[in-house]
Amino acid sequence: MKTQSGEKLQFKLILLLLASIMILTSCGGGKKPAPTVAPSGSETSPFTGLNLSVPDPYNPPIEMTSVIAVNATVKFTEGNDINNNIWTRAYRDLLGINFTYKWVVDGSMYDQKLGLSINSGDIPDMFAVNGSQLKLYQESGLLTDLTSVYDAEASPNTRDILTQDPVALRAATIDGKLWGIPLTDASVATASVLWVRQDWMTKLGIEAPASMADVLDISRRFTEEDPDGNGVKDTFGMCMDKDLFGAIGGLQGFFNGYHAYPGIWFERDGKIVYGSVQPEIRDGLLALQKMYASGQIDPEFGVKDVNAMTESIAQGKCGMEFGVWWNPYHPLNLSQANNQDAYWQAFPIPSVDSAPAKSQYSTAIGSFLVVRNGYEHPEALIRMVNFWTDNIVRSQEDAVRTVFLGDIKNPDVVLYKYTPVVLWEPNASIDGSRKLREALAKHDPTGLNNEMAWRYRIIQAYFEQGIKEAWVEVATNGPNGAVSILEGVLGDYGLLNRFYGPPTPTMAEKLPTLQTMESEMITKVIMGDSIDLFDQFVNDWYELGGTKIVEEVNQWAEANP
Amino acid sequence: MQKKSKVPLMRSNHLPLILLGAVMTVYGLAAALAATVLSNQAMRGMIAGGVYKARQTAFDQTASLVAGILLLALFIWCAVASKGIVRVGFCFGAMAALMTMLVGRNEMLPVPSAFSGPVIAILVALPLTILFILWACGRRVPRGCRWVAFISIFIVLAAAIFPTYVILMVSKIPPGDPAILTVGKLVDVSTNVIKLRYLLPGLSFLLIAYLSMRFARKNPAMPEG
Chain A
352 MKTQSGEKLQ
362 FKLILLLLAS
372 IMILTSCGGG
382 KKPAPTVAPS
392 GSETSPFTGL
402 NLSVPDPYNP
412 PIEMTSVIAV
422 NATVKFTEGN
432 DINNNIWTRA
442 YRDLLGINFT
452 YKWVVDGSMY
462 DQKLGLSINS
472 GDIPDMFAVN
482 GSQLKLYQES
492 GLLTDLTSVY
502 DAEASPNTRD
512 ILTQDPVALR
522 AATIDGKLWG
532 IPLTDASVAT
542 ASVLWVRQDW
552 MTKLGIEAPA
562 SMADVLDISR
572 RFTEEDPDGN
582 GVKDTFGMCM
592 DKDLFGAIGG
602 LQGFFNGYHA
612 YPGIWFERDG
622 KIVYGSVQPE
632 IRDGLLALQK
642 MYASGQIDPE
652 FGVKDVNAMT
662 ESIAQGKCGM
672 EFGVWWNPYH
682 PLNLSQANNQ
692 DAYWQAFPIP
702 SVDSAPAKSQ
712 YSTAIGSFLV
722 VRNGYEHPEA
732 LIRMVNFWTD
742 NIVRSQEDAV
752 RTVFLGDIKN
762 PDVVLYKYTP
772 VVLWEPNASI
782 DGSRKLREAL
792 AKHDPTGLNN
802 EMAWRYRIIQ
812 AYFEQGIKEA
822 WVEVATNGPN
832 GAVSILEGVL
842 GDYGLLNRFY
852 GPPTPTMAEK
862 LPTLQTMESE
872 MITKVIMGDS
882 IDLFDQFVND
892 WYELGGTKIV
902 EEVNQWAEAN
912 P
Chain B
285 MQKKSKVPLM
295 RSNHLPLILL
305 GAVMTVYGLA
315 AALAATVLSN
325 QAMRGMIAGG
335 VYKARQTAFD
345 QTASLVAGIL
355 LLALFIWCAV
365 ASKGIVRVGF
375 CFGAMAALMT
385 MLVGRNEMLP
395 VPSAFSGPVI
405 AILVALPLTI
415 LFILWACGRR
425 VPRGCRWVAF
435 ISIFIVLAAA
445 IFPTYVILMV
455 SKIPPGDPAI
465 LTVGKLVDVS
475 TNVIKLRYLL
485 PGLSFLLIAY
495 LSMRFARKNP
505 AMPEG
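Protein chains in written order, with the numbering used here: chain A, 352 to 912; chain B, 285 to 509.
Rather than coming from a laboratory, the hints here were simulated on the basis of the structure.
Everything hinted at is true.
With the Cβ distance kept under 8 angstroms, some of the chain A side facing chain B (calculated, not the full set):
{"#": "1", "residue": "A792"}
{"#": "2", "residue": "A812"}
{"#": "3", "residue": "I818"}
{"#": "4", "residue": "G829"}
Using N, Cα and C, we set each Cβ at its ideal position, and we do this for glycine too.
Based on the provided sequences and hints, a complete structural model is requested.
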């Protein structure tokens with residue numbers, strides 16, 4: 352009995368000691384978390400053990416409401432929804448922001464819903480807007496000036512990413528103040544390159560095109576010399592469709608070869624001018640007219656949309672197109688799928704004369720994150736942006752990417768679609784592709800991230816194992832691939848659309864009509880109408896609002912040097 | 285069970301077998317060299333991807349046709365100059381020579397090159413494998429030749445199947461998957477293995493010819509195969 356009571360006493364003492372330790376431990380909080388955190392929460396927290404860079408979380412947590420557009424590709428794993436997912440938990444647990452959505456709507460309805468919401472006075476704390484909305488809401492006094500919070504809170508990674516695109520921050524700046532955070536992407540990705548069937552060139556003994564004269568000659572020979580070898584004259588030199596200026600078979604690259612820049616604004620003699628009404632367009636139109644007349648362009652292009660043109664490419668009826676760097680992923684891959692030997696090679700836009708051609712492109716900044724006027728914590732947006740740039744964009748850690756972007760084994764669930772704070776590094780693909788090419792030249796993939804290491808192996812499979820389907824990676828990211836051409840476009844061989852602001856009043860009212868006129872004129876001239884139509888179009892363009900638009904754009908340019 | 289006496293592989297002389305091994309080795313060497321030079325040029329950006337493919341295809345089609353015809357003639361010559369199970373083996377080898385002519389003509393098979401290449405490699409490897417199995421099992425085949433044939437079975441099969449296996453693995457790995465780092469090392473190995481597809485069997489034939497000739501010299505009283 353004595354022994355038993357002694358054991359009970361010892362047990363009670365141990366319990367007392369443990370209770371004391373627990374009480375003392377719980378009172379000792381308030382320590383500043385280390386820059387690299389093992390975040391708070393239970394041991395099952397998905398953030399435990401991740402190497403994350405986060406600031407001190409808000410204490411007590413703050414509330415932030417937002418709105419978001421989704422589409423059919425936004426999917427959730429079990430137990431998750433738009434208001435309870437890895438991103439809302441990250442904002443809550445890591446940043447101290449209780450982040451909720453006021454509403455969720457299909458992408459096509461977003462602008463309309465946002466307008467209704469704001470008109471009814473139900474303004475979210477943080478939301479995404481386009482260029483026109485940015486200007487409208489800023490003028491209406493609905494937005495917070497983010498200049499000071501950006502200066503104070505933006506991390507070096509955020510600053511670097513936002514300045515890689517030279518117009519990103521300028522596009523979000525009105526009257527010298529920053530009103531939004533631009534959602535960056537690769538602007539140069541819209542620049543044109545020339546895609547040519549290399550296997551047809553080899554078969555006909557044609558050298559790489561060095562000038563627009565070469566392009567016209569290749570087009571003629573592809574049409575006349577039966578490059579597919581089927582004994583039937585059923586091939587066209589160049590693909591295009593009725594939309595004229597798309598990312599596939601778009602004519603802007605062709606015009607760029609004539610130093611003409613349709614659809615964009617650029618500086619000439621100290622003024623900003625509209626490319627579609629400049630005299631160089633005439634030369635390009637005449638060349639296209641001749642090509643059409645001699646059967647080098649599909650006679651039905653005027654009624655064929657991009658899908659029909661894609662079909663022509665897939666069937667191997669077309670040997671050349673002006674497109675963008677990713678065209679091998681679609682639709683040029685279809686051509687190779689039907690003919691193993693089909694290989695499309697990218698070339699820089701050739702020039703009509705000795706002056707190098709410049710490939711035109713426009714900024715990819717289409718949206719901005721803004722904070723409503725009166726919201727107490729505008730710096731929270733900058734912290735969320737920092738969280739993205741520091742931990743997602745610049746992190747190569749698989750664990751971090753898996754937790755926040757998605758598990759590679761479950762590719763349908765793309766986690767970053769749950770947050771509006773998504774900025775891509777404008778030059779990431781160009782830098783990554785350069786490193787990839789260097790690794791290929793050295794035969795050493797050491798130091799490449801997982802994605803580039805994968806591309807390295809795919810390209811290696813093409814060059815060393817004869818896997819012809821791997822040509823897509825070779826043609827895009829490989830040596831002499833399309834992305835290597837974009838490096839030149841970022842340098843001296845590109846022309847960035849000088850106008851990156853929201854549509855001017857007259858532009859918003861008149862430009863759609865003027866663009867329809869332009870398309871009709873181009874189609875008619877190519878199909879054989881007199882080139883005088885172009886001169887008539889230029890006159891009409893200025894008379895029907897163009898003069899005013901040019902004036903407004905130049906005023907905008909003065910305010911946004 | 286009656287023990288059969290060993291005999292050399294060839295009845296009169298070993299010249300056709302030596303030539304067979306030499307042609308296969310030279311073709312393997314030339315193919316490996318051309319592939320290395322062209323892929324190096326392409327990966328360094330000295331020639332465009334499409335130009336690389338055109339040159340590689342042109343080389344493969346020409347060289348495989350020439351090598352295929354030569355190998356076919358030599359296998360037939362070898363079959364005529366041998367007998368028994370050795371001759372049966374050469375007949376299977378002649379089928380491998382025919383399949384060699386398909387190298388570089390993947391487009392003749394109605395499947396993607398990721399499959400047609402391995403299919404052709406296996407079509408070439410299977411008759412050779414049967415040849416070596418027959419020789420390895422041939423009780424009248426000199427002991428050394430049987431051992432080399434036995435080892436060659438694995439060499440031929442591995443050279444055909446391993447790269448296919450690796451490519452299948454790579455094709456299942458999505459972009460960004462860290463598994464590529466592990467599989468990537470296998471890709472390096474398999475690209476070198478591919479270059480040995482003709483070289484090693486060619487050397488096997490030369491070694492077998494040498495061993496058979498040595499056997500014939502050491503056993504002059506033995507009737508030749």
